[in-house]
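2 protein chains.
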Amino acid sequence: MESMQMGRAFTLIEPGPVVLVTTNDGNKDNVMTISWTMVLDFSAEFAITTGSWNYSYTALRDSKECVIAIPTVDLIDTVVGVGTCSGSDTDKFTKFNLTRVQAKHVRAPAIRECLANIECKVVDIVTPYNIVVLQGIAAYFDSARGEKRMLHAVGDGTFTVDGRVIDRKKMMRDKLPNGI
Amino acid sequence: MESMQMGRAFTLIEPGPVVLVTTNDGNKDNVMTISWTMVLDFSAEFAITTGSWNYSYTALRDSKECVIAIPTVDLIDTVVGVGTCSGSDTDKFTKFNLTRVQAKHVRAPAIRECLANIECKVVDIVTPYNIVVLQGIAAYFDSARGEKRMLHAVGDGTFTVDGRVIDRKKMMRDKLPNGI
Chain X
1168 MESMQMGRAF TLIEPGPVVL VTTNDGNKDN VMTISWTMVL DFSAEFAITT
1218 GSWNYSYTAL RDSKECVIAI PTVDLIDTVV GVGTCSGSDT DKFTKFNLTR
1268 VQAKHVRAPA IRECLANIEC KVVDIVTPYN IVVLQGIAAY FDSARGEKRM
1318 LHAVGDGTFT VDGRVIDRKK MMRDKLPNGI
Chain D
1168 MESMQMGRAF TLIEPGPVVL VTTNDGNKDN VMTISWTMVL DFSAEFAITT
1218 GSWNYSYTAL RDSKECVIAI PTVDLIDTVV GVGTCSGSDT DKFTKFNLTR
1268 VQAKHVRAPA IRECLANIEC KVVDIVTPYN IVVLQGIAAY FDSARGEKRM
1318 LHAVGDGTFT VDGRVIDRKK MMRDKLPNGI
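Protein chains in written order, with my numbering: chain X, 1168 to 1347; chain D, 1168 to 1347.
Hints are supplied without guarantee of correctness; some may be wrong.
One copy or any two copies: either way a pair holds, since identical chains are not told apart in the list.
[Claimed, not checked] BS3-like, lysine-lysine: derived pairs with alpha carbons at most 25 Å apart:
| # | residue 1 | residue 2 |
| --- | --- | --- |
| 1 | K1262 | K1315 |
| 2 | K1342 | K1262 |
| 3 | K1336 | K1315 |
| 4 | K1195 | K1262 |
| 5 | K1336 | K1271 |
| 6 | K1336 | K1262 |
| 7 | K1288 | K1337 |
Quick caveat, the hints were computed from the structure, so don't treat them as lab data.
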């Protein structure tokens, strides 16, 4: 996985993929599946919705760190599996054969099998809405990976896979940040 | 467009489609393109990121109402066009041949050409992060529409179209709200 320019990291989240979020509680690593995510800013500020109903939440809140990992379609059963068991009684990295890669700035691990990873610091938690505000601080992209199609959770137990790409860069030139 | 159960409306936003958001400032209607959206709750609470850089923002903040309309791939040039001009000098409904449908609970109009429409009230604006918290109050879905594939903005001027659907309802049964 090569480093990715932080100013491009929002392009991983904006299309709305289901993501894996890793945490470390000071003792052990954990990973959860999150499909409620949003870009807040071109400068790699993101939001995710989560709360105490997720076992990872305590580690996220207390360590103030996580890694957002972007899985692709070949990982569908890992995504669903991670989302349907709990770190309270399961080592999900072992169960789902996920390879931890040590992150540079946070204790939570990156995931080798994912297309991209974004190391994040928790900036704030907007408690009335369970919105966790994250600042991306480093990003990595595996451009050598053959499968790059992301998954979109519909929320009813089905997932939509990325289909064809439509290019409107020329029409949108004036609306895009420099260098994107 | 038939009424859609409010408890299912999150399934329109969770997959991360680019959306059109209509407003009415008490005088005239406007519409903007928004790709930074997130589900906050199964009970149809949503977040969008926007701010004073969008002309619609004043109407959204002051009227405390909007409609989220979900466009499909056949509307790609409308989506990009709406997102690259301003209601300050353009009647976008006329320019892009969008048909207004009177909403039931808000002054902002629904859009006939879209796959679905969600009438929303502004619950809060989390100003440090430009997060507008919305409560969906009525939803409509055009099941007779042939084209149902949504668009996902990547953020670099390209858009990914919904591809194939993968069903994992059985694996996820225990995680889904009742009736979904």
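Status of each hint after checking the structure:
| no. | hint | result |
| --- | --- | --- |
| 1 | K1262 / K1315 | within (23 Å within a copy, 37 Å between copies) |
| 2 | K1342 / K1262 | between (44 Å within a copy, 19 Å between copies) |
| 3 | K1336 / K1315 | both (20 Å within a copy, 24 Å between copies) |
| 4 | K1195 / K1262 | within (15 Å within a copy, 56 Å between copies) |
| 5 | K1336 / K1271 | neither (33 Å within a copy, 37 Å between copies) |
| 6 | K1336 / K1262 | between (42 Å within a copy, 21 Å between copies) |
| 7 | K1288 / K1337 | neither (34 Å within a copy, 35 Å between copies) |
Checked against the numbered hints listed earlier, the structure breaks hints 5 and 7; every other hint is satisfied.
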